[in-house]
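Please arrange chain C on chain F, whose structure you already have, making use of the hints.
What follows is the residue order along each chain.
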Amino acid sequence: MSGILSVFNLNLLIATIRLSTPITLAALGATICERAGIVNIAMEGIMIIGSFFAAVTALATGNPWLGLLAGLLAGGIFSLIHAVATISLHLDHVVSGAVLNILAFGITRYLMVLFFGHPGTTDAIPLSLYRFQWAIPGLSKIPVLGPIFFNQTPIVYFSFILVIFFAFIMKKTKFGLHIRAAGEHPLALETIGVSVFKIRYLAVFISGLTSGLAGAYLSIENNVSFTEGMTNGRGFIALAANISGGWTPLGSFLSSLFFGFADALQVRFQIIKLVNVPSEIFIIFPYVATVIVVAGLVRKSRSPKALGNDFMIEKERD
Amino acid sequence: MNRKTLLVSLTLVSLVSGIIGTVLYLASYFWGLLLILGGAGIFLFSRFLRDKTEAVELLKKSGKSLLIPVAGIILAVLAGGIIMLLTGYDPVRAYKAFFLGGFVRNWHVSVLNATPLIFTGLSIAFAFKAGLFNIGAEGQYYVGTMAATFLGIRMGLPPLLSIPLIFLISGLISAAYNLFPAFLKVRTGAHEVITTMMFAHIARYLSPIFIRAMGGDPATSPHAYVTYPILEGNKLPIFRSFLPLANYRLHVGIILAILMALFVYYILYYTKYGFEIRAVGQNPNAARAQGISIGRNIFRALLFAGFLAGLSGTNQVLGLTHKMFENLDAGYGWNGISVALLASNNPIGVIFTSLLWGALDAGGQFMSRTTQTPNSIVEIIKGIILFLIVARYMYTYIGNRLKRKRGSGPVGREKV
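Protein sequences appear in the order of chains F and C.
Just so you know, the first sequence maps onto residues 88 to 405 in the numbering used here.
Just so you know, the second sequence maps onto residues 5 to 420 in the numbering used here.
Just chain F, with the same shape it has in the complex:
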């Protein structure tokens, strides 16, 4: 029994933050994107692209910061395909997302073979962003909260800032209002002279940036290399986090923390080796947690009204 209890300690909470960061970032992107009315199930693929280009750039230049930038931009550019397909070409959002996930796998595998001669895992990067762990003077000395929140690595801090930033944008700025309008009543937005196309393009691009960053986190901060399949369904978990978080940045953050907790717990349970239980039992924790949360919370939250609907201003002309 004491074996189980020993798992619940400060390190578990620190790991929770670390493991929830990629989910938080992608969930933030999902929030922006879905509030603007575009369903985005391509985040898994965008994360793969982001993590691959981050790792490759960090390897080539030896500079993880450039890797971070590359992952961010690669995610953003890749997400534009989703934007073109859903907004300009009026493709079904879910279909486009599914195609992008497949495409991301293909692109990274091809480039893997091209650059490294084999699929699977890239070489280890010389310098990981993990080395830039920084304890904020003063704040990190607070008991319990200090080590959890204020003694972290760069992208983790960045994700905190983004949560607050996006929450502010969505609630307090005109741009946030436009995004929400694009998802609730696009025609009204168009009527007041704001282009729904532009707002939606921007929203998808932002979600691509954050998902790319989430991918970069996986490959160059939480790890030292890119491995195929390293996203492991996190893009979909992020989507669930966004939904159970009620399509708000703060809600997404809190749900992501919960999924990160399930993930952290899983890792620990595997390590302590409980009697006669195969370790694979624990791997499924985050997935089970996702199903339970989605099952329990989804009814309480209301999705944007025009979510997934196609918007075609030229309809009468064609």
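Hints may contain errors.
[What the hints assert, rightly or not] Example chain F residues on the side facing chain C (calculated, C-beta under 8 Å, incomplete):
1) 176
2) 186
3) 189
4) 190
5) 206
6) 326
7) 375
8) 378
9) 382
Honestly, the hints are just simulated from the structure, not real lab data.
We treat Cβ as the ideally placed atom computed from N, Cα and C, and that holds for glycine.
Just chain C now, with coordinates in the frame of chain F:
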């Protein structure tokens, strides 16, 4: 002989010739193609005899529906060639090997690849018809594989009884695996993309536990964990038992898959169930107004989709692998999404897109073995094909733009 019996007998001849030709062709007897073409010719001729305009209409329609897919494939092949050129490979040499491998030399591999894909593609296409996205077919595939392995090892009945039973039971178990996502969808509105996806990961990660529990000798396989092989009587018959030149691995599962596709087509377009499912998929509100229960149809569609994906795994175990091993890369569930989308969810179309996908994989392997061009270019070509065909609206869009430029199109209010 009067006209009617002539027509009926012509149709029968074309049907028989088509079936025999298909079986022969699938078994790499390429002259089977002549029989298929002959059958198609006779069929067209009989249609022509009956009603000229209708036959011409049919030809036009099928030609039109083939236009976009064929154009997409050609464009993707060109794009793949350009990528090869840019990255320093010889596209002509590579493509030669590619087509030789995929469609001639290793055609049996293509067929073997396509078999599980047809089932998973049907699963996803069927759910799509109800407006549902069964993205987790991979998970149901694993459940089907596990159930088939378990039953295949344990159930020692006569083959004629045992094989259909294994198919049925493992299909039902896989269907049950979709019960919870269906329930959540109906009761709470939880999106099936998330729930079935999570269930897919759960099934994938739990499968090693099952494999170790049914543990066989690791020395018999390159994989770390394998189960015992299934009983001899539970294996599907192979083509070689009646066609001596067929590859020894080629099993009759492909025929089951094609029959299943025809069956799904029949259900969707000729039965009340199919009508209800399509109605719910096209316009739930209108369907509800007609007194069609949405919840019931969601259950039906997702459970049947699970059933089909499960059959895919069953078919693979009984026909090809004869045991189960840890093979998380196979991805028949994921690729099933592509083939279903590519066929725009038409069950008959799924057969052809699956064969195409199977041939791409087989050709890619052959190409990388003989010309050292990376196999993974195939993944990119697949992605491009998918995108070009799925984004059908693009063609209308471009067409409209051209018309408007020429000034002959419908003139509406211009944006100021």
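Against the structure, the hints come out as follows:
A hinted interface residue such as residue 176 of chain F counts as satisfied when its beta carbon comes closer than 8 Å to some beta carbon of chain C; here the least separation is about 5 Å, so the hint holds. The interface hint given for residue 186 of chain F holds, since its Cβ lies 5 Å from the closest Cβ of chain C, which is under the 8 Å cut-off. Because the smallest distance between the Cβ of residue 189 of chain F and any Cβ of chain C comes to about 6 Å, under 8 Å, the interface hint for this residue holds. With its C-beta approaching chain C no nearer than about 4 Å, residue 190 of chain F sits inside the 8 Å limit, and its interface hint holds.
Hint status for residue 206 of chain F: holds, given a least beta-carbon distance of 7 Å to chain C, under 8 Å. Residue-level restraint check for residue 326 of chain F holds (minimum Cβ-Cβ distance to chain C is 6 Å; threshold 8 Å). For residue 375 of chain F, the interface hint holds, since its Cβ comes within 8 Å of a Cβ in chain C; the closest pair sits about 7 Å apart. Checking residue 378 of chain F against chain C by beta carbon gives a least distance of about 5 Å; that is within 8 Å, so the hint holds.
For residue 382 of chain F, the shortest C-beta to C-beta distance to chain C is roughly 5 Å, which falls under 8 Å, so the interface hint holds.
The structure shown violates none of the earlier numbered hints.
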